[in-house]
Structures are given as structure tokens and as C-alpha cells.
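K.L.:
Same order as they appear, the protein sequences are chains A and B. If you're matching positions, the first sequence starts at 1 in my numbering and goes up one per residue. If you're matching positions, the second sequence starts at 1 in my numbering and goes up one per residue.
For the record, the hints were derived by calculation from the structure and aren't laboratory data. Every residue, glycine too, gets a C-beta built ideally from N, C-alpha and C. Some hints here could point you the wrong way.
Stated by the list, open to error - In silico BS3-like pairs for lysine-lysine, Cα to Cα no more than 30 Å straight-line: (1) 203(B) <-> 240(A); (2) 190(A) <-> 235(B); (3) 9(B) <-> 246(B); (4) 171(B) <-> 203(B); (5) 171(B) <-> 240(A); (6) 9(B) <-> 190(A).
What the hints assert, rightly or not - If we take Cβ atoms under 10 Å as the criterion, some of the chain B residues that face chain A in the derived model are: (7) 9; (8) 12; (9) 25; (10) 27; (11) 30; (12) 85; (13) 227; (14) 244.
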Amino acid sequence: MASRVLGTALFRSGFTVQDAPKYGAERRGAPIFSTVRAARGASEGETINERGIIHRPDLVVVADDTLLAIPAAGTLQGIDPDTVVLVNSRESADTWRHRLNLQGELLILPAGSEVEDRADLPHIGATCAGAAACLLGVIEPEALTTAIDEELGPLGEEAVAENRENASAAFEAMIAHRGIVTEGAAVPAKDYEPPAWVELPVDDASIAAPDIRAAANSVQVRTGLWRTLRPVIDYDLCGKCWWVCSTFCPDSAIAVEGDKPVIDYDHCKGCMVCVGICPPHAIGSIPEYLAQQREQQTIEEGEADGTDPADR
Amino acid sequence: MSETIRRMKDLPSTHLLGTGTPMCSGCGGLEALHQIYDVLGENTVFVNAAGCMTLLSVYPFTPFRGSWLYTAMGSAPAGAQGVRDALDILLQQGRLPPEDDLQVVVLTGDGSAYGMGMSATSGAMDRDLDFIYICYDNEGYGNTGQQYSSATPHGATTATSCGSRGYPGYKKDLFSVWSAHRPSYVATVIGSEPLDLAKKIEKARDMTGPRMIIALSPCPTGWDYDPKDSVDIGKLAVKTGVWPLKEYENGVVTHTRVPRDRPPVEEYLQRQGRFAHLFRPERNEELLAEIQDRVDHYWEEVV
Ligand SMILES: Cc1ncc(C[n+]2csc(CCOP(=O)(O)OP(=O)(O)O)c2C)c(N)n1
Ligand code: SF4
Ligand code: SF4
Ligand code: SF4
Ligand SMILES: [Mg+2]
Chain A
1 MASRVLGTAL FRSGFTVQDA PKYGAERRGA PIFSTVRAAR GASEGETINE
51 RGIIHRPDLV VVADDTLLAI PAAGTLQGID PDTVVLVNSR ESADTWRHRL
101 NLQGELLILP AGSEVEDRAD LPHIGATCAG AAACLLGVIE PEALTTAIDE
151 ELGPLGEEAV AENRENASAA FEAMIAHRGI VTEGAAVPAK DYEPPAWVEL
201 PVDDASIAAP DIRAAANSVQ VRTGLWRTLR PVIDYDLCGK CWWVCSTFCP
251 DSAIAVEGDK PVIDYDHCKG CMVCVGICPP HAIGSIPEYL AQQREQQTIE
301 EGEADGTDPA DR
Chain B
1 MSETIRRMKD LPSTHLLGTG TPMCSGCGGL EALHQIYDVL GENTVFVNAA
51 GCMTLLSVYP FTPFRGSWLY TAMGSAPAGA QGVRDALDIL LQQGRLPPED
101 DLQVVVLTGD GSAYGMGMSA TSGAMDRDLD FIYICYDNEG YGNTGQQYSS
151 ATPHGATTAT SCGSRGYPGY KKDLFSVWSA HRPSYVATVI GSEPLDLAKK
201 IEKARDMTGP RMIIALSPCP TGWDYDPKDS VDIGKLAVKT GVWPLKEYEN
251 GVVTHTRVPR DRPPVEEYLQ RQGRFAHLFR PERNEELLAE IQDRVDHYWE
301 EVV
């Protein structure tokens, strides 16, 4: 959605545009991304010959900062020191620059602190498009709102109005950085970096066939990163029932250890099924970012007073 | 697992299926699968037709503890025949000790079971293939963005049925189609009724021949509801009578749960975005009544 709004806004501003979403599996938790290419001079019949993903983006907008920690999402693929990175986050730009070890420009689009569950974030697509439109510096606010009317019209007036408001607010929020994105030089096909191929000699099928001998090794995939809300068991309330939570958790992320149910936070996806079905309501939920902030505090306090957090 | 499951307390509290799968958060199909796997145990080989669940085993990761084979959408039962034959030959030649024999389990979505895979399944039942078939039924082609399948219920919105009346067809009665082949066993289950599910899977596990299971699988992504509601919606499917829990054995169909005082089907429908057009902008009384009548009629025939 963000790419369609941005693409249309660029088109309305006289550019030749190509925008495309890229789908993987269409399920919750799967990273989605989309790209926009724009070339000046639509009137001169300028065309865009490249297709597919953008190898060297001028601007990367990350709508969900949890994606930055997931290598498979490839959020920062192809960036160089001239690329501007905009992250929708509660953390500061310094924090992210440090974590990602980035040399280029990194800006923060502040994530709404009033929204507890990131999965509920309303209209994040339009917000990102609005911020991006401002950073590009070549789109007037009117072109942005026209693009929203055109692209979101079928969703009804209410949706259009809310998206317009959010996009405009994001545009305003970025005004100090208007036009910060610079146009990278075109990369001729002959200069594309070849992918990091690994040369594999032709092996016998018995060696070369993908033969996994590790049982249940999917546990190495940390789906806990998907979580926006965290379920927390209050052991004073837990009635040690017939382990309803453990049976119903779709992800097998609650096992009974000794005589208490324990949530495996490395894998819990935060669906909140367990919160709803626990008979004595012993499982509550807190926003994941708050839970992480508290954990961080506990660690820091421990460092300050010299005790090991594990001992407390 | 050899003790018989009689009460909730007998259900396992540690699980065999690995965490870390790419299924959506709150996936009702995964909920049913992990419960089923706990009962079937590790000595299983899964033959999986294309669908959401083929992403369970994406190289190099797998949540299973044994082998897994990928097949095209229409041919999982044919794949199962090959695996069963290979195991039988190894057993016969003494190259596989009988205690290492495996249960062959077909795992497919409704797109395969109700549609593309029907002929291969029919053939497997004709040949009295010794296997278990598990269809997780999320009432559409979930993996490709929830297009309709012949398991889609009347009136539901899908990616390919988005008018004000939703899907014009009617959900195919796969339970009856399968039962008509007179296999060893056919049962309907749902993850939100884990005891009923475990008893049926245990029964199937200890039989031979074709054992056919259909698990209604509430799907937050395809049915458009918050993942936390998966169990509630599953329970409502049973309570309102939309999803009858039953089994077929020796030519006889038995309902394992006959819901008394069924609440109106609306209570199930209005929890899901795919039926929102039946309630807004105004109630579609005609369609709602039709859906209710069909459910009422079903249960009149049962009791
Ligand atoms: C013959 C064939 N047609 C189409 C596809 C593309 N395809 C992959 S998964 C899928 C949907 C399968 O639906 P279902 O069996 O209900 O499983 P679900 O995705 O809902 O889990 C389709 C159409 C395919 N793999 N093979
Ligand atoms: S469902 Fe609730 S009471 Fe039962 S074991 Fe889990 S936390 Fe305890
Ligand atoms: S929130 Fe969902 S995934 Fe996490 S423990 Fe509860 S039921 Fe399992
Ligand atoms: S689309 Fe539905 S069935 Fe497929 S993984 Fe997601 S919730 Fe499960
Ligand atoms: Mg399906």
C-alpha cells in the first residue's frame, strides 16, 4: 500500500514510476516489502528498464523495526553510505546507528507510543509513504493526498480521511529533513556485484540431496521475534489445571516443567490464545517493547549493584 | 505413547512438534497438528501436499522428528503408496526391523483433499492403502492468499469471491464422500476440542487400512480475525453446529458430540471478517436464515 501511494504521488509529480510489492508466503509474520523506482522526465518518454528488486536503494523505509533483527528479511540489503534509512521505531537514531553499525544517514519516524500492540498500528503504510514523500523532496503535499484519494478510495471515506491525516502528519514530522535523499548514480548492468555464489562441485545424489538428520531442528528459528504482545503467567494464580495453555498453544511454546507451565519466549509468537483460554485467568499480556525495557533495566540495575540478574 | 487417553489430564503436556515454524501466529491448523503429532508419535513419515504446511519443512529446518516428503497438490496419497510399498519391501527383506516400521501420514489442506487430490485419495482407499490422511481444512487456498476451494462455506468472502454475497457455492461434504469408500475410519476433529481429537487419533493410530481425518482449522489470516480468537471460534463452530464432530466405522456414522441448545450460527459468523458483509452495512437476513436453516436441517436428520 505504501509503495502504491508513494508511486502514485511520484507519478502525479511528473515522474515515470514503477512500484511493486514482493510477496513471499502470505501469512502473518512473513516479512513483506515493496519497491518504488522513479525516473525524471515522464514527458520525454523516459522509461525504466530495470525490473525486480532494487540492488542499491536511495531510501529504505522500515515500517516495523523488529524486522531489522531478522536476517531473512534482508531489510538493509544493498545499502551504501549514501542510502538514507528511515525506521519506524520507539528507539533513538543513535541506538539504531550503533546496533546496525551504519555510516549513512539514519532517521527515526517515531512509533506511536499510545499504540500498545504494534500489530494494531493503524495506517502504517500511509504514514511511511508520507514520510518518504517528504524525504524525497520532489513531492508536494497535494500530490501525496491526491495519491491517497486515488489508491484508497475503494476503502471508503473514513479510511481515506484517516490515512490522509496520518500521511500528512508524517510528512510534517520529517520537514526538517526534506529532500535529504539523493539520487544515486545509475548502476550499469556490468557493474552489478555478482551474488556471492558458492561453487558446488557435482556430487553424488546420496551426498548432494538435502537430507536433514536433525530432529525438530526448527527450534533454531527464533519466531519469538514476531511477538508484539507478551503473555506472562502469574504463578500465584495458575491453578495447574490440565495444562490447557500447553495443549492449546498452536506453537507448542508452553511446556510443563516440573509442575508448572513455562512459556518459551524464544518461540512464542504472541498470538494470545493462551491468555484467553486459561481458566483462572492466570496469563496476562504486556506489550513486548515494555517487557524488553524492563528486562534491560533489571540487567542494568544488576550491573550497577554488582549482583547477577540470575541470582535475583 | 501407549496409555489410553480418557480424560483431559491424560493429554500430553510436553510436545513432539518442534517450535519455530513459519505458520501464522494463532494458526488453528498448527494447533491441531501438534496435538495429533503428540498422539501419533515419532515413528511417522509425513507426505505433504503443497499448501501452508509445506512450509513447515523448509530446508534446512523441520519441526518433525522423522521423515517428510513433499508432493504436488494432487498426489500426496500416491506418494504415500510409494512410501508404504518401500517400507513393506524393506520389512519383507528383513532390512527394516518390525519395531522400526513407520506410520505413513498424508498431510494436506482442503484444496488438495476436497479438490485436486480427490482422485488420488479415492484410488488409495480403493487399494486399501495402510495410511492415515490428515486434512487441515481452513476452507480455502490459504498459502496463496485464500482463494476459494470446494471446502469454502456458502457466503464467505475469499480472494476470489468478494461480492456482497460472498462464495456462491456450498461446502462439499467430504466426510460423506470419503465414508462412501468404506475405508477403515473417517473422523472430523478440531484443535479447540483436544480430548475428542486425541481419542479419535488414538483410535486411528491403532487401526490399519485407510484412516481419514478432517480437522477444521480456524485461520486468522484467511478468515480475518484476531489470532487470539482461534480457540473461541473453533469452539463456536462446534457449539453452533457448523462443524459436527463425528466418526465413521464399519458402515456406521456416530456423532461424538451432539450440541444441545445450539446458539445461533450468527455468533460464529460475526466473529470473522470473511462474513462481515452479512452484517454490514445492513444485515442480510435472507442469507443468514439460509445458513441457519442448513445447519438446523443437518441436525434434524441426526437426532
Ligand atoms: C497443481 C498445483 N496448482 C497450484 C499450486 C499452487 N498452490 C500452492 S499451495 C496452494 C493452496 C493450497 O490450498 P490448500 O490445499 O487448502 O492448503 P492451504 O494453503 O490452505 O494450507 C496452491 C494453489 C500448486 N502447488 N500445485
Ligand atoms: S491454563 Fe492457566 S491454570 Fe492451567 S496450567 Fe496454564 S497457566 Fe496454569
Ligand atoms: S501467546 Fe500464543 S504462541 Fe505465545 S505461548 Fe501463548 S498461545 Fe503460545
Ligand atoms: S494462512 Fe491460515 S492455515 Fe495457513 S498458516 Fe496462516 S493461519 Fe495457518
Ligand atoms: Mg486450505
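K.L.:
Does each hint hold? Answer for all of them.
P.N.:
We went through each hint and held it up to the structure:
Using a Cα cut-off of 30 Å, the hinted pair residue 203(B) and residue 240(A) holds, with the two alpha carbons roughly 28 Å apart. Straight-line distance between C-alpha atoms of residue 190(A) and residue 235(B) comes to about 60 Å, which puts the hinted pair past the 30 Å bound. The straight-line distance between the Cα atoms of residue 9(B) and residue 246(B) is roughly 22 Å, inside the 30 Å bound, and the hint therefore holds. Taking the CA atoms of residue 171(B) and residue 203(B), the gap is near 27 Å; set against the 30 Å cutoff, the hint holds.
A threshold of 30 Å between alpha carbons decides the hint, and for residue 171(B) with residue 240(A) the separation of about 40 Å lies outside it, so the pair is violated. With a C-alpha separation of about 66 Å, the suggested pair residue 9(B) and residue 190(A) falls outside the 30 Å cut-off, and the hint is violated. For residue 9(B), the shortest C-beta to C-beta distance to chain A is roughly 5 Å, which falls under 10 Å, so the interface hint holds. Interface hint status for residue 12(B): upheld, as the beta-carbon distance to the closest one in chain A is roughly 8 Å, under 10 Å.
Residue-level restraint check for residue 25(B) holds (minimum Cβ-Cβ distance to chain A is 4 Å; threshold 10 Å). Interface restraint check for residue 27(B): the shortest CB-CB distance to chain A comes to about 5 Å, inside 10 Å, so the restraint holds. Nearest Cβ of chain A to the Cβ of residue 30(B): about 4 Å, under the 10 Å cut. The hint holds. Taking 10 Å as the C-beta contact cut-off toward chain A, the hint placing residue 85(B) at the interface is violated, the least distance being around 20 Å.
Hint status for residue 227(B) relative to chain A: holds, with the closest Cβ pair at about 4 Å, below 10 Å. Residue-level restraint check for residue 244(B) is violated (minimum Cβ-Cβ distance to chain A is 21 Å; threshold 10 Å).
In this structure, the hints that do not hold are numbers 2, 5, 6, 12 and 14, in rising order.
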